[in-house]
Amino acid sequence: MKEAGLSRPLALPMIGVDRAWRLPLALATLLALLLAGSLFAGPVAVGPRELLGALLGRNLSVAEIIVWELRVPRTLLAAMIGASLGLAGAVLQGLLRNPLAEPGLIGVSASAALGAVIAFYTGFAAAFPLGLPLGGMVGAGLAVALLMILAGRQGSTLTLILAGVAVNSFAGALTALALNLSPNPYAAAEIIFWMMGSLADRSFQHLGVAAALTIPGWLLLISVARSLDALSLGEDAATSLGFDLQAVRWRAVLGTALAVGAAVSVSGVIGFVGLVVPHLLRPLVGYQPARLLPVSALGGAVLLVATDIFVRMLAPGPELKIGVVTALIGAPFFLILLLRLRATSP
Amino acid sequence: MAREAMRGFGSALVRRLRDRRGLGFRAGALALALIALTISGPAEARPERIASMNLCTDQITLALVERERVASLSALVAQADYSNAADDVAGIRLNHGLSEEILPLEPDFVVAGTFSAQPTVMLLSRLGHPTLVVDFARSIDDVRTNVRTLGGAFGEAARAEALIEAMDGRLAAAAGPTGSNRPTALYLQPNGYTAGGDSLIGDVIGHAGLTNLGAEAGISGHGRLSMETLLALAPDILITDESRDRAPALAYEILEHPAVTALLARSIRVQVPTRLWICGLPAIAEAVELLADARRRVTGEAGS
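These protein sequences, in sequence, are chains Z and H. Here the numbering used here is used: the first sequence runs in plain steps of one and ends on residue 346. Here the numbering used here is used: the second sequence runs in plain steps of one and ends on residue 650.
Simulated from the structure, these hints should not be mistaken for laboratory data. Just so it is clear, CB atoms sit at the ideal spot from N, CA and C, and this is done for glycine as well. Don't take every hint at face value.
As the list claims (entries may be wrong) - Take a look, some chain Z residues computed to stay more than 12 angstroms from chain H by CB distance:
1) Pro-73
2) Leu-130
3) Ala-166
4) Gln-205
5) Tyr-287
6) Ala-290
7) Ala-306
8) Leu-335
Said to hold, decoys possible - If you anchor each label on the Cβ, the simulated ranges turn out as follows:
9) H/Ala-580 to Z/Leu-150: 50 to 60 angstroms
10) Z/Pro-318 to H/Pro-450: 15 to 25 angstroms
11) Z/Gly-47 to H/Glu-507: 54 to 64 angstroms
Next comes chain Z alone, as it looks inside the complex (with noise of 0.2 angstroms):
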């Protein structure tokens, strides 16, 4: 059984190696056609012919600066971060080897709020262009240690969930705390945008500190896939087979710093993607952890883009914080969850 698992991948036939790539490739159709779709949808109706001309148009017209500076960065941002998220969960999940972790849930998302927040309210953002995300990466990147230490290695799920509350709770405190010593009337009514994520008009300035982080993040994230198919046998297994467990820890806990860090530096904390999207693909990539990473990154994009969407549709009034709608989603299925692992282990 052990040893199926493990070899599969490198001993698959031609027609094994094409079903691999099916799942992939129907996600990226997906995340296409949703990107394309994502450039209509706003309050300002954009034809088609419109936004043809403003995309390849360099006229300054009205529908010009619509698209381009706030529909593209926004859906290439939902993008972004859905992957990151749908990444940093199905690798948390890997690492922790606990179906629960999910960075929302556990209070790395709720950190990097916390670190965006000092950082943004001090004016440190401002005086440094990577401020901004720096901040929530080191936010992201305390918690997520401190849950390694706390719950890391032979933790039970309910121990892990327990400091994530208290991470989440704690953090959001701060949080709340910060926001009301700025002496700006408007920090303390900002709370919500930190709390519950949004993506309304982010800029390519936004994208581009973003993305500065989160590249990185993802190279770090993915390369511990391998170990995580190892680690899947048990650590000892995997220190058997020759990975060093404490390396892997530290790339996954600095990648998920960076990914998420940046993600939610600029859109807020975004809950349950990283959650969902990996519990709904694991089964169709027969429970590989290294196959569920990049399936994840882009199965993420397209909840996010969906979501995004779906939010820019609920005219008119006041945009609906994106956090809202995935917790909507999400908190039912995290309650299914907890369900049939009850049922699971007694």
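Following the hints, complete the assembly by docking chain H onto the known chain Z.
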């Protein structure tokens, strides 16, 4: 022993409260007499210890009566971002809408806004202090009404008329040519809030000879515009206020978004300090003049 002392202290407290109430009743009777005087007598009542609890009534009060007659103003009036009188209130006792700040001053007239601390206003009124609640201004006409109302209450009707006349003179000078083809304007606050129809700011924009796009976009009072709608409206004149000292907030990002910067390349940007029109005051004329200048820049009319 200790219990005895406590009881003694307790009954003393009760006695003092009773005395206070007696005082309140007497003040109430006095206030009734004053009101009766206002209604019946030809001689106007002249309150000498006026307490104002609202930024807008603060400033009208200061314009209508001598400083010696002002017992207290709201704390916001000392903040230059919001108040035109920030430099003139040194030495005047400031309140934060709390009964305990107002009561010891024994005001003979209390002015409050609709949004002032309601419990305090009700308490003061119940204790017999003559209280006047002034509605906030939704138009320049409301400004005239409010100034007249307070002028009447303070026994300064002539001064009120003089203030209104001065304001009307400035408004007439700023008014643009009648007819269509008015340049368009949009007021943009942090967070994308704007003023539509049935708002003071909308009325000011109209008085400056401009079309308020906030109203055209279907907003009544104050409301929020999505950035896309804002871009699609493409105003000739974009009105903002960046004079305020700003600590970082996400709310300001809309003013710095590259899309707004691109839009600005085609609009005239005018700064109207918030203090000029956060309240319905005669100072509103200055806001109309600022916007009228911008209108002349768009239409090419001869400036004044």
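task: Against the earlier hints, flag every one the structure doesn't satisfy and list their numbers going up.
output: 1, 4 and 10
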